[in-house]
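A.B. asks: Sequences and hints are given; from them, build the entire structure.
So the sequence lines, in the order shown, correspond to chains A and B.
So for the first sequence, my numbering puts the first residue at 40; every next one is plus one.
So for the second sequence, my numbering puts the first residue at 40; every next one is plus one.
It should be emphasised that the hints constitute simulated quantities derived from the structure, not laboratory data.
Hints are not guaranteed to be accurate.
As the list makes no split between identical chains, a pair holds if one copy fits it or if it spans any two.
[Claimed, not checked] Mimicking SDA-like on lysine to any residue, the simulated pairs with C-alpha atoms at most 25 angstroms apart in a straight line are: (1) Lys-403 to Trp-371; (2) Lys-470 to Val-221; (3) Lys-47 to Arg-450; (4) Lys-47 to Phe-370; (5) Lys-223 to Gly-203; (6) Lys-257 to Asp-455; (7) Lys-109 to Lys-223; (8) Lys-402 to Ser-67; (9) Lys-163 to Trp-371; (10) Lys-355 to Met-288; (11) Lys-223 to Ala-474; (12) Lys-355 to Gly-477.
2 protein chains.
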Amino acid sequence: MATAAEAKRNSITQAIAELSEALGDRLSTADAVCEQHGNDLTWHEGEPPDAVAFAHSTEEVRKIVQVCGKYGVPIIPYGTGTSLEGHIAAPHGGVSVDMQQMNAVLEVNSEDLDCRVQAGVTRKQLNEHLRDTGLFFPIDPGADASLGGMAATRASGTNAVRYGTMRENVLSLTAVMANGEVVKTSRRAKKSSAGYDLTRLLVGSEGTLGVITEVSVKLYGIPESIAAGVCAFPDVESACNATIQTIQMGIPVARIELLDTEQAIAANAYSDLGLPETPHLFLEFHGTEAGTAEQSELFGAIADEFGGGQFNWATKTEERNHLWQARHDSFWAAKNMRPGMEAFSTDVCVPISRLAECVSETKKELDERGFYGPTVGHVGDGNFHVLVFVDPSDETQVASCNEFLDNLVLRALAMDGTCTGEHGVGLGKKKFLQAEHGAGLQIMRQIKTALDPKNIMNPGKIVSV
Amino acid sequence: MATAAEAKRNSITQAIAELSEALGDRLSTADAVCEQHGNDLTWHEGEPPDAVAFAHSTEEVRKIVQVCGKYGVPIIPYGTGTSLEGHIAAPHGGVSVDMQQMNAVLEVNSEDLDCRVQAGVTRKQLNEHLRDTGLFFPIDPGADASLGGMAATRASGTNAVRYGTMRENVLSLTAVMANGEVVKTSRRAKKSSAGYDLTRLLVGSEGTLGVITEVSVKLYGIPESIAAGVCAFPDVESACNATIQTIQMGIPVARIELLDTEQAIAANAYSDLGLPETPHLFLEFHGTEAGTAEQSELFGAIADEFGGGQFNWATKTEERNHLWQARHDSFWAAKNMRPGMEAFSTDVCVPISRLAECVSETKKELDERGFYGPTVGHVGDGNFHVLVFVDPSDETQVASCNEFLDNLVLRALAMDGTCTGEHGVGLGKKKFLQAEHGAGLQIMRQIKTALDPKNIMNPGKIVSV
Chain A
40 MATAAEAKRN SITQAIAELS EALGDRLSTA DAVCEQHGND LTWHEGEPPD
90 AVAFAHSTEE VRKIVQVCGK YGVPIIPYGT GTSLEGHIAA PHGGVSVDMQ
140 QMNAVLEVNS EDLDCRVQAG VTRKQLNEHL RDTGLFFPID PGADASLGGM
190 AATRASGTNA VRYGTMRENV LSLTAVMANG EVVKTSRRAK KSSAGYDLTR
240 LLVGSEGTLG VITEVSVKLY GIPESIAAGV CAFPDVESAC NATIQTIQMG
290 IPVARIELLD TEQAIAANAY SDLGLPETPH LFLEFHGTEA GTAEQSELFG
340 AIADEFGGGQ FNWATKTEER NHLWQARHDS FWAAKNMRPG MEAFSTDVCV
390 PISRLAECVS ETKKELDERG FYGPTVGHVG DGNFHVLVFV DPSDETQVAS
440 CNEFLDNLVL RALAMDGTCT GEHGVGLGKK KFLQAEHGAG LQIMRQIKTA
490 LDPKNIMNPG KIVSV
Chain B
40 MATAAEAKRN SITQAIAELS EALGDRLSTA DAVCEQHGND LTWHEGEPPD
90 AVAFAHSTEE VRKIVQVCGK YGVPIIPYGT GTSLEGHIAA PHGGVSVDMQ
140 QMNAVLEVNS EDLDCRVQAG VTRKQLNEHL RDTGLFFPID PGADASLGGM
190 AATRASGTNA VRYGTMRENV LSLTAVMANG EVVKTSRRAK KSSAGYDLTR
240 LLVGSEGTLG VITEVSVKLY GIPESIAAGV CAFPDVESAC NATIQTIQMG
290 IPVARIELLD TEQAIAANAY SDLGLPETPH LFLEFHGTEA GTAEQSELFG
340 AIADEFGGGQ FNWATKTEER NHLWQARHDS FWAAKNMRPG MEAFSTDVCV
390 PISRLAECVS ETKKELDERG FYGPTVGHVG DGNFHVLVFV DPSDETQVAS
440 CNEFLDNLVL RALAMDGTCT GEHGVGLGKK KFLQAEHGAG LQIMRQIKTA
490 LDPKNIMNPG KIVSV
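C.D. replies: Structure (structure tokens):
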């Protein structure tokens, strides 16, 4: 009689054989390919799948789900591999479904300010495609992620304070559900009250309910005028308080980003910004010429009130691009300061009124533990990131880092915040969901069990075992 | 042996006895009370519940759900009774849970621009409460609905084009689920990627998954300047095209409302507006003094391009209030034109590029059938309402009206729109969900069955039998 492990191995072998027949050389079991598809950008321990399928169509994804469903084999959707909490690891083995070759922009509806793309289209690719339309797609996580992956992790970025996150910007999804059915979650109308919100149920479900194959998102007109600049503050509290007042006054700031002193120093070294060695806000205003001038004037008055320095403008497009490239390069700038060390990226989000306190307490704990941990924040949303540097061969340091990460989440939860603002749960934040959601976690489990009774969709992530 | 009907009757009698013990005279079985709680604002056939429970706390609602769960008795949440698709009818009998006495504003967090209220608080009550804070809550369905009801039906209104619907504005909900557990769907952080979006799952679930007892919503600073006005157009197409261009140019219009010729005539008679007898846009701009001046100037140029008349300002607050009161009184103004007739209110929503076509075809069918049907639209969202007047004693007319309503939905669906933009499904739109959602409907049913296996939460609505 076959052992459980042998039976599992047989199922996988059979599934791979059937999939090979359907996909030919777009089904790979090569070690290097599997290894790469099981590892994300962090030092979450990667776990390779048994095979990688490179899908070309929703119909092919459906076929993959059907075959995997027949043999009870896990399916792990893969976008660009840039997630940060182990979302793409395959702890139970199975088939990684690589969506990168599903990269067609299917339709752009300029009059309705929306478009529909295959899940593998990346955010930069989409904006490149939109170049001549006068429209743009604002959501910008650090990496050039795929729209499918961004929807699956409920991603956001620097523009979310004005334009919202993927939650607000996904209009509709096409997904292959665990039962093999293809679902289109919504019509193209801007709003609807027609039944349960399947779009929002799939946004943030991290592949545990279905494989997203197409994404419809909202687009925006490129503003007539874009003004960006940086402003130094004496401390993190002042920068946070200036942000709170900016939001309260209804100034429609498009970006308002905090860099703490460590990150400012790192950005100087990596991107030659020449910032004073103190916390900074990076800002951007969108509107008409007169509108952005007024917004920045209003912000200037607020900054003044909170001890902010001169508001230094990036007047030319190249200067502005350099500034935001530097912001997006925060991760690499910080890495550059500690060559050879491992960096662990984490994020939490709290009500904005608690942000200064949460960041300060976190910096204090970093100091006490002797960690280098540059901090950046989407401060208008109360969301911040800490990049903790650790020598992975030093067990004491690793243990201390894990304690630090736990404390950070517990601190955020105690402030009515969340264990992750935009990175997602994956493997890394699973243990906090009970504390965060209480009885809600059981509801999530019931949904998972109802829609994926065999637990084949990205098992081991979020609520599934 | 008891028949099924007798067994059902016994269950209800026992549940009512237990609830009476817990609630005293806040559990009523009086005919008038039950009758009133089974009827909404339309001529959907009302069906009274067996009893009405007036709840005072989440704990009491939990008790009601537990008792009803024990006896398999339906629970129908009741806000202000202003819904439009039969949401509050009790086709299977049961207990109506009246939330109107749960009307406390629990907290206002000015720095975070949010607040938490009991589900029975109405939108006007909340804004009255916020009067001295400089903040406001923008969502404004026609009626002074409760926030619980508005969340349950995913309501919106005239401000949605700028501020979004209840989908975007609910931060968190407290709900008693069918299993008697109290769930708080989210923390107070502005964004989160921590698990399935239970908030959005409950928003629009119309009481079929749980009873909403508390609602946390986003607030906004009252703009420094508010400018409103009306603009006449030669036809509906021109008004729609001017709207499309306004949105495309990124003018952050706060309200942009279409009134067709019939509605303009009705508004003149009811609210003494003195409008030319032609389609109109009613608009409002929010911002700084300079900002609203610029917005209205930009709009003026667009209106000009599409043959719009002079943009007539409501410069004083009283004039502005009169204007929007007139808009909110559309229903009564139209009723006033056809005294003694029944009015049936319906809504659909389409991509904005299809709006002019959809409204025009709809008006044509109204004419062909000889119906009086004034039409108003949240035109920036592609959402419009038709109020059809029928003599309910004339069977031919009623049948023709039903055909018209069906055709309206099929027309919207054919344009990639939805059967309802903001009224909800209730009983009235159930039959269109298969056409609208396809395989998604089965997913909705699986969720309903998983979370409410006994089908006690508002049975007969949306996806449940």
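A.B. asks: Cα distance capped at 25 angstroms. Does Lys-223 pair with Ala-474 within a copy, between copies, both, or neither?
C.D. replies: between (33 angstroms within a copy, 12 angstroms between copies)
A.B. asks: Regarding Lys-355 and Met-288, is the shortest C-alpha distance of 25 angstroms or less found within a copy, between copies, in both, or in neither?
C.D. replies: For Lys-355 and Met-288, only the inter-copy Cα distance (23 angstroms) is at most 25 angstroms; the intra-copy one is 27 angstroms.
A.B. asks: Using 25 angstroms as the alpha carbon limit, work out where Lys-257 and Asp-455 are close: within a copy, between copies, both or neither.
C.D. replies: Between. Shortest inter-copy distance 15 angstroms satisfies the 25 angstroms Cα cut-off; intra-copy 30 angstroms does not.
A.B. asks: Given identical chains, is Lys-223 near Gly-203, meaning Cα to Cα at most 25 angstroms, within a copy, between copies, both, or neither?
C.D. replies: both (22 angstroms within a copy, 22 angstroms between copies)
A.B. asks: One pair to classify: Lys-163 and Trp-371, alpha carbons no more than 25 angstroms apart. Within, between, both, or neither?
C.D. replies: within (19 angstroms within a copy, 51 angstroms between copies)
A.B. asks: Can you give me the call for Lys-403 and Trp-371, within, between, both or neither, at a CA distance of at most 25 angstroms?
C.D. replies: within (23 angstroms within a copy, 62 angstroms between copies)
A.B. asks: Please work out whether the CA atoms of Lys-109 and Lys-223 approach to 25 angstroms or closer within one copy, between two copies, in both situations, or in neither?
C.D. replies: Classified as within: same-chain Cα gap 23 angstroms, cross-chain 37 angstroms, threshold 25 angstroms.
A.B. asks: Could you figure out if Lys-470 and Val-221 sit no more than 25 angstroms apart (CA to CA) within one copy, between two copies, both or neither?
C.D. replies: Intra 32 angstroms, inter 21 angstroms, cutoff 25 angstroms: inter-copy only.
A.B. asks: Given identical chains, is Lys-47 near Arg-450, meaning Cα to Cα at most 25 angstroms, within a copy, between copies, both, or neither?
C.D. replies: For Lys-47 and Arg-450, neither the intra-copy (41 angstroms) nor the inter-copy (51 angstroms) Cα distance is at most 25 angstroms.
A.B. asks: Given identical chains, is Lys-355 near Gly-477, meaning Cα to Cα at most 25 angstroms, within a copy, between copies, both, or neither?
C.D. replies: neither (50 angstroms within a copy, 50 angstroms between copies)
A.B. asks: If the cut is 25 angstroms between Cα atoms, do Lys-402 and Ser-67 qualify within a copy, between copies, both or neither?
C.D. replies: neither (45 angstroms within a copy, 58 angstroms between copies)
A.B. asks: At most 25 angstroms between alpha carbons: which applies to Lys-47 and Phe-370, within, between, both or neither?
C.D. replies: neither (40 angstroms within a copy, 64 angstroms between copies)
Violation of the numbered hints given earlier is confined to hints 3, 4, 8 and 12; the remaining hints are satisfied by the structure.
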